[in-house]
Every structure is written in structure tokens, then in C-alpha cells.
Amino acid sequence: QKEVEQNSGPLSVPEGAIASLNCTYSDRGSQSFFWYRQYSGKSPELIMFIYSNGDKEDGRFTAQLNKASQYVSLLIRDSQPSDSATYLCAVKAGAQKLVFGQGTRLTINP
Amino acid sequence: DAEITQSPRHKITETGRQVTLACHQTWNHNNMFWYRQDLGHGLRLIHYSYGVHDTNKGEVSDGYSVSRSNTEDLPLTLESAASSQTSVYFCASSELGTGGLNEQFFGPGTRLTVL
Chain A
231 QKEVEQNSGP LSVPEGAIAS LNCTYSDRGS QSFFWYRQYS GKSPELIMFI
281 YSNGDKEDGR FTAQLNKASQ YVSLLIRDSQ PSDSATYLCA VKAGAQKLVF
331 GQGTRLTINP
Chain B
17 DAEITQSPRH KITETGRQVT LACHQTWNHN NMFWYRQDLG HGLRLIHYSY
67 GVHDTNKGEV SDGYSVSRSN TEDLPLTLES AASSQTSVYF CASSELGTGG
117 LNEQFFGPGT RLTVL
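Each protein sequence line maps, in turn, to chains A and B. Quick note: the first sequence uses the numbering used here, first residue 231, plus one each step. Quick note: the second sequence uses the numbering used here, first residue 17, plus one each step.
Since the hints were derived computationally from the structure, they do not count as laboratory data. Predicted model, so just to flag it, every value in this text is computed and none were measured. Beta carbons: idealized from backbone N, C-alpha and C, even for Gly. Mixed in with the good hints, there may be bad ones.
[As the list claims (entries may be wrong)] Below, a list of computed lysine-lysine pairs in the DSS-like style, where the Cα atoms sit at most 27 Å apart:
| hint | chain 1 | residue 1 | chain 2 | residue 2 |
| --- | --- | --- | --- | --- |
| 1 | B | Lys-73 | A | Lys-322 |
| 2 | A | Lys-322 | A | Lys-272 |
| 3 | A | Lys-322 | A | Lys-297 |
| 4 | A | Lys-272 | B | Lys-27 |
| 5 | A | Lys-272 | B | Lys-73 |
| 6 | A | Lys-286 | B | Lys-73 |
| 7 | A | Lys-286 | A | Lys-327 |
[As the list claims (entries may be wrong)] Examples of chain B residues lying across from chain A (beta carbon under 8 Å, computed):
| hint | residue |
| --- | --- |
| 8 | Gly-58 |
| 9 | Leu-61 |
| 10 | Glu-119 |
| 11 | Phe-122 |
With the hints as extra help, turn the sequences into a complete structure.
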């Protein structure tokens, strides 16, 4: 079993709807979780991080963490075509390394 | 502004040749990482360093080596390039910040093709 798993998609969402991206992880001791966005041909950039169970909101983005079920999700409200990208879930492993999922490709349809 | 750069941005080489990919950061970060990205695999860690003269193997280190002689640079060497090493390579750096945030900043990537 991979340490961090995501549905590779593609996930297609109409403009203005909520996009929901999910990620599960295998290490029950994991404490820190990150969502990176990667546009085609570009490098990943951090958009959200979460440490505590529950929800964390930042503008149109909400990260949700459930440590008991070992999943973390990212919700994008009022999806825009500019949100079309690959979203990478990452889990902190060891001192300062990250383990990444394979990424979910999201397409927002106008 | 601080940044992280990679060179070359594109490289085509032949099987068996030695190739070195450069990574330079001006963040003054202690931590530096090399990843490869292939379709369906996300980012996989090749090697990483937590400081000068420190290097560690990641999950896909076979056929690669790194050395860290200063804070700014972590070059990645493919000792004898193989077609399986055709990939996009990303360098990243980080520093443990306030509240434990460990954000990694990524370079623009190097697209390597091994023929």
C-alpha cells in the first residue's frame, strides 16, 4: 500500500461548483499535511496546510483532516477555470521530508 | 527576492553518459531535496540534505548521487544515464519555520530525456 494515495482523476467540475479532492495516508502517526497545486508544465506551489483535526479555511479553499480515518481533503468553493491544475497531497514523514501522493488532475469546465 | 533555480531546464543525453543537474537556492535554507516526477507517480524523493556535508537517500536513489559542499547548492548526478531516468526533475528547499511549518519551495524543474 502506498503511503499517500489520491485518485488520479481526471476530476471534472462545472464552474461555480464545489470541487472535492481526497487523500488517504497510511502512517497513523503523521502530524502535518499539505496541499500543493501544480499547473501544467510548472512547479508545485503550497496552497494549504493543516495540522489539527477538523476544518481550516482560507478564502475559497477548505482543508479537512480526520486523523482517526486517516484522510485529508481539499474543498474548492466557487470553482474557477483558473483552478484547473493537478493537486498534490503531501504528508510530513520523518524530520522534514514530505511524501507525496500521485496527484489528482482537476478540470473546471466553464 | 530569494529564489531557487535549476539548470539546465531541458537536457537530452545518451544512455551511459554521466549527467549533472544543478540546483541553487538563495533562501539560505538548510534543507534541500531532489524529486523526480513521472506520470502516475507524483513526486518521488531521490536524495535529500539537511545541511552542508549531509546527504541521505530517498525512495528512488539507485543510479543517482548528490553532494552538498555549501548551503546554496545541491547538484544531482546520474552516474550512467538510463532510459528509465527520463523524467522531470524538481529541486526543493525548506526550513523549519514558526509553528512547525515546513513549506518546501520548488525550482522550475529540469526535463531530462535519455535516448
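How the hints compare with the structure:
1. Lys-73(B) - Lys-322(A): 16 Å, holds
2. Lys-322(A) - Lys-272(A): Holds. Lys-322(A) to Lys-272(A) sits at ~22 Å (cutoff 27 Å).
3. Lys-322(A) - Lys-297(A): Distance of about 14 Å is within 27 Å: holds.
4. Lys-272(A) - Lys-27(B): It holds: about 17 Å lies between the C-alpha atoms, which stays within 27 Å.
5. Lys-272(A) - Lys-73(B): Judged against 27 Å, a Cα distance of about 25 Å means the pair holds.
6. Lys-286(A) - Lys-73(B): 34 Å, violated
7. Lys-286(A) - Lys-327(A): 22 Å, holds
8. Gly-58: 4 Å, holds
9. Leu-61: Check passed: Cβ of Leu-61(B) comes within 7 Å of chain A, closer than 8 Å.
10. Glu-119: 5 Å, holds
11. Phe-122: 4 Å, holds
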